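Undergrad: Given chain W, put chains B, R and S in place with the hints provided.
There are 4 protein chains.
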Amino acid sequence: MSRDNWNRWGAEDERGALNHIDAAAVKRAAELVVSGRVVSLAQPLSARTPFPPHRAGMQHFMGRSGGDYAAGARRPGGFQFAEDTLLMPAHFGTHIDALCHAWYDDQLYNGFPGAGTRGTTGAARCGIETMGPIATRGVLLDIVAVRGGPLADGAAIGVADLERAAKAAGGEPGKGDAVLIRTGMAERGIVSFETEPGLDLAAALWLAEREVAVVGADNFAVEVLPFAAGSVFPVHQRLIRDFGIPLLEGLVLQPLAEAGRGTFLFAASPLPVAGGTGSPISPMAIL
Amino acid sequence: MSRDNWNRWGAEDERGALNHIDAAAVKRAAELVVSGRVVSLAQPLSARTPFPPHRAGMQHFMGRSGGDYAAGARRPGGFQFAEDTLLMPAHFGTHIDALCHAWYDDQLYNGFPGAGTRGTTGAARCGIETMGPIATRGVLLDIVAVRGGPLADGAAIGVADLERAAKAAGGEPGKGDAVLIRTGMAERGIVSFETEPGLDLAAALWLAEREVAVVGADNFAVEVLPFAAGSVFPVHQRLIRDFGIPLLEGLVLQPLAEAGRGTFLFAASPLPVAGGTGSPISPMAIL
Amino acid sequence: MSRDNWNRWGAEDERGALNHIDAAAVKRAAELVVSGRVVSLAQPLSARTPFPPHRAGMQHFMGRSGGDYAAGARRPGGFQFAEDTLLMPAHFGTHIDALCHAWYDDQLYNGFPGAGTRGTTGAARCGIETMGPIATRGVLLDIVAVRGGPLADGAAIGVADLERAAKAAGGEPGKGDAVLIRTGMAERGIVSFETEPGLDLAAALWLAEREVAVVGADNFAVEVLPFAAGSVFPVHQRLIRDFGIPLLEGLVLQPLAEAGRGTFLFAASPLPVAGGTGSPISPMAIL
Amino acid sequence: MSRDNWNRWGAEDERGALNHIDAAAVKRAAELVVSGRVVSLAQPLSARTPFPPHRAGMQHFMGRSGGDYAAGARRPGGFQFAEDTLLMPAHFGTHIDALCHAWYDDQLYNGFPGAGTRGTTGAARCGIETMGPIATRGVLLDIVAVRGGPLADGAAIGVADLERAAKAAGGEPGKGDAVLIRTGMAERGIVSFETEPGLDLAAALWLAEREVAVVGADNFAVEVLPFAAGSVFPVHQRLIRDFGIPLLEGLVLQPLAEAGRGTFLFAASPLPVAGGTGSPISPMAIL
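Chains as they are written, first to last, in this note's numbering: chain W, 1 to 287; chain B, 1 to 287; chain R, 1 to 287; chain S, 1 to 287.
One chain only, chain W, in its complex shape:
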């Protein structure tokens, strides 16, 4: 049982590696803004957004719409409006995993009991509402550029890949960074949620040891699928539960890569759903 960052920020801490982002880190990240260009890193959300088979897709229910007025609805004071309702898994499209999302040995990050997350109440500890907004230095590790093209399904990204990509980025991943891994999977079109390119465990641990705050990727699970023999979501187990590092999944990274900037101000903010295990999110890079 590993407990790498447990108790590092106190027995009650629920924010894990986000604690690596201090005010000075935010300020340094803001100084990276050179051009003022803003790049979205989020997938569009609709019934066509891909999702794994054990989840359901998004449903977008319109309530009042222009159709109501065309059909004769009143418009008091001239006012017309349209409204809608959203149904989606918390882990849908571009999203972030709360620290209560994955664990092992019945203990979450920092030793909180897994049994504290229940059907009626959601997560008692490490829910997405404890995460808060994230602003820090972003580092794009463009493995597509390093490898010369989008990675194949099942291709493992190792430490050497990260090191080469970091050199190209002009920024070693370090304390408090949001590290974004481009595998090219999203650009190829997602074919399967059972096999995908992604981090191997050693690469993930290399990032954790560098004290990064968040690890994201343009794939479904950050880590390579299928897993190494005998393991199930080993990167989730180690990064989320042992190091307290939230994972960002389903990023759109091609436009950022094309912008030619390896480091930038990264800003993202989950919906603070009480007891939630994650949140759809719409991150931005400010260049």
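Incorrect hints may appear among the rest.
One copy or any two copies: either way a pair holds, since identical chains are not told apart in the list.
[Said to hold, decoys possible] Pairs of lysine to any residue residues, derived as SDA-like cross-links and limited to a Cα-Cα distance of at most 25 Å, are as follows:
hint, residue 1, residue 2
1, 175, 7
2, 27, 231
3, 167, 35
4, 175, 25
5, 27, 48
6, 175, 106
7, 175, 154
Derived by calculation from the structure, the hints in this document are not laboratory data. None of these values were measured; they are calculated from a predicted model.
TA: Coordinates of chains B, R and S only, in the frame set by chain W:
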């Protein structure tokens, strides 16, 4: 029929006043980061989050949870996880209105037909997915400070209030700004969605004429309720439809006010729901 | 620990007292049809249907509607249509409780483990899909008639009430019957889910011992609220878990009472939701 | 424009051909009960229930479950319970179409305006809540038996098929009947919602002219797919809109066919959703 900003950015434009935010404005906003402190401006989301009677509340459905493992669920490879599904109105908690949300005379911002927003398809034009991430200068207009306490229900905020608050903020609202109006309503507890303190129409137009990009408040509708006689949501009608200014509602502004900063880097990013009329949002101020 | 009907129909039985309804009972019930009049016993379902505070209300989402065509939607081959989506608690409006709905000492009816009902899978045993359609003799026990008016909140219905009402109905409740208890609560308007007229435990056991198949009422919980001191839902505990008798709640019984028939063919059929704990239902009396 | 049954039961009628079922018909149907055996005609409902691509599947959200207690939830007074929430299209699994579901030329059955069905309000006329419970004679027309096996996709069932099947059933379809057509599609497994065996228009009109009350089948649309050239859902258009005959779709008919009874008491009752366009339903045949 007013069409203040129609065609200003071309016949196909769907972003309205967000076009006032150019790269230079973003860069200037990033330069406002002094301390690196990050303040969340979002309400927690749960079944207790207030909502108006014509909408429904949030439902948070847990799927797999710690309860499943306690009850004997398998944990292949040791892996345990929890997941959930979110159901909520797009206009819930802290949220932003897309430009397709409100209109009159059957035409949206820039003349797009209201009938293009339909039950089956959502908004054909000016949907929330066209908005993109927002990073710009934020200006807090703290009317609570100006008036000496939270405003009463029905209290109209006029141009003079804004001018006084702007002076206190140390920043005249101007081109491309995200202007955040603190009424104190949220701090009092929301009692009613039929009466609240908020902008009067003249104050709203004063902001629009200064070419701000976004107007937000810590109340339900930005504008004062009840409306002036004979009008229904006049600020929505004019700002959203005529000027193309999105409204940010349900902000939490007390912590920002207490931080003592009138201008800052504001960052917020809606979920890009295809054809959606708005989005729950979790904005931040970077001080 | 009581296990009144456990193993009565075998160790694998999931239908409980519904086993009391044999083909001969159905045939005898059909012979009660005299006039051929059909009376609905179901509440209308809408956002206005009352529900207890720990549940959420119904949401009825229209998809395609006449509004779409008014707004210009195509009608290939002339065809026009409207569709909708329903969201509701399984225990909403007029509904029936599956035998997995309530239990104690970690064991359901017939000794199945309570831990077999989980967030990811629903009920492994005694789910609503095991219930099947119900056709049997219905017996209306009109306590409103016996008492001379709708019962007050908190009024307990005892064995003597049932006996008097049975005499008036012209039919002693017996083996395989669906017994419907009219308290008058629905007619008064539901004021509270914390206090209501309903069966006391002795009356419930009196019915169970007569081997009835189903017990229903026009209130929220069949049983009287508040509970007798020291007990919580004692009638649910004993009838559902020990006797395997499903409860029918939220019935509309005034029209049936006014029809003047104490016994009739009762027909109702839950939606066979795999692993569900209950179902909204729309029962009928055929007179 | 055909208006076959319009005004037949008055200008305000919303029940259409269900008016053919009078009390005498119900009484005669009850007399068909010989053995007392009850056969369910409903599909199980789960995430695996097939649905056409323009709809979404069912979602079954557990709230409190046995997992909560295993994880330590309190059980006041010993009481334990499980609850859930259902989300599904109204036209899902075995279901019935309300008369507001399909129309043409902007008019529903009996001339009500199609524009009366709107996103905010649902159907103003002919909603599923106006249908009420259905008890009448059921007639099984077993085309599988007539043809010697399940029909192929695209196979049209004509008048001659119905006549042969009626002879085998020992009951000519007539006034007020619920006619159930067995194509064998469900037994083959549903492969496509674009091609299926079903009624041709002449066969549908043959039933309508015999004044049946309801037409059902074990396929997706009652009628044959693909449609005859130049038409779209012609049977829906004529039966629902012109004759006011509701359609029952997704029936399970093999067990009924194996029971060897051509006529029986049919009972089914939609959920009375205010303004709904249909309802999942769980019909029974009482033999």
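Undergrad: Which of the stated hints cannot be reconciled with the structure, identified by number in ascending sequence?
TA: 2, 5, 6, 7
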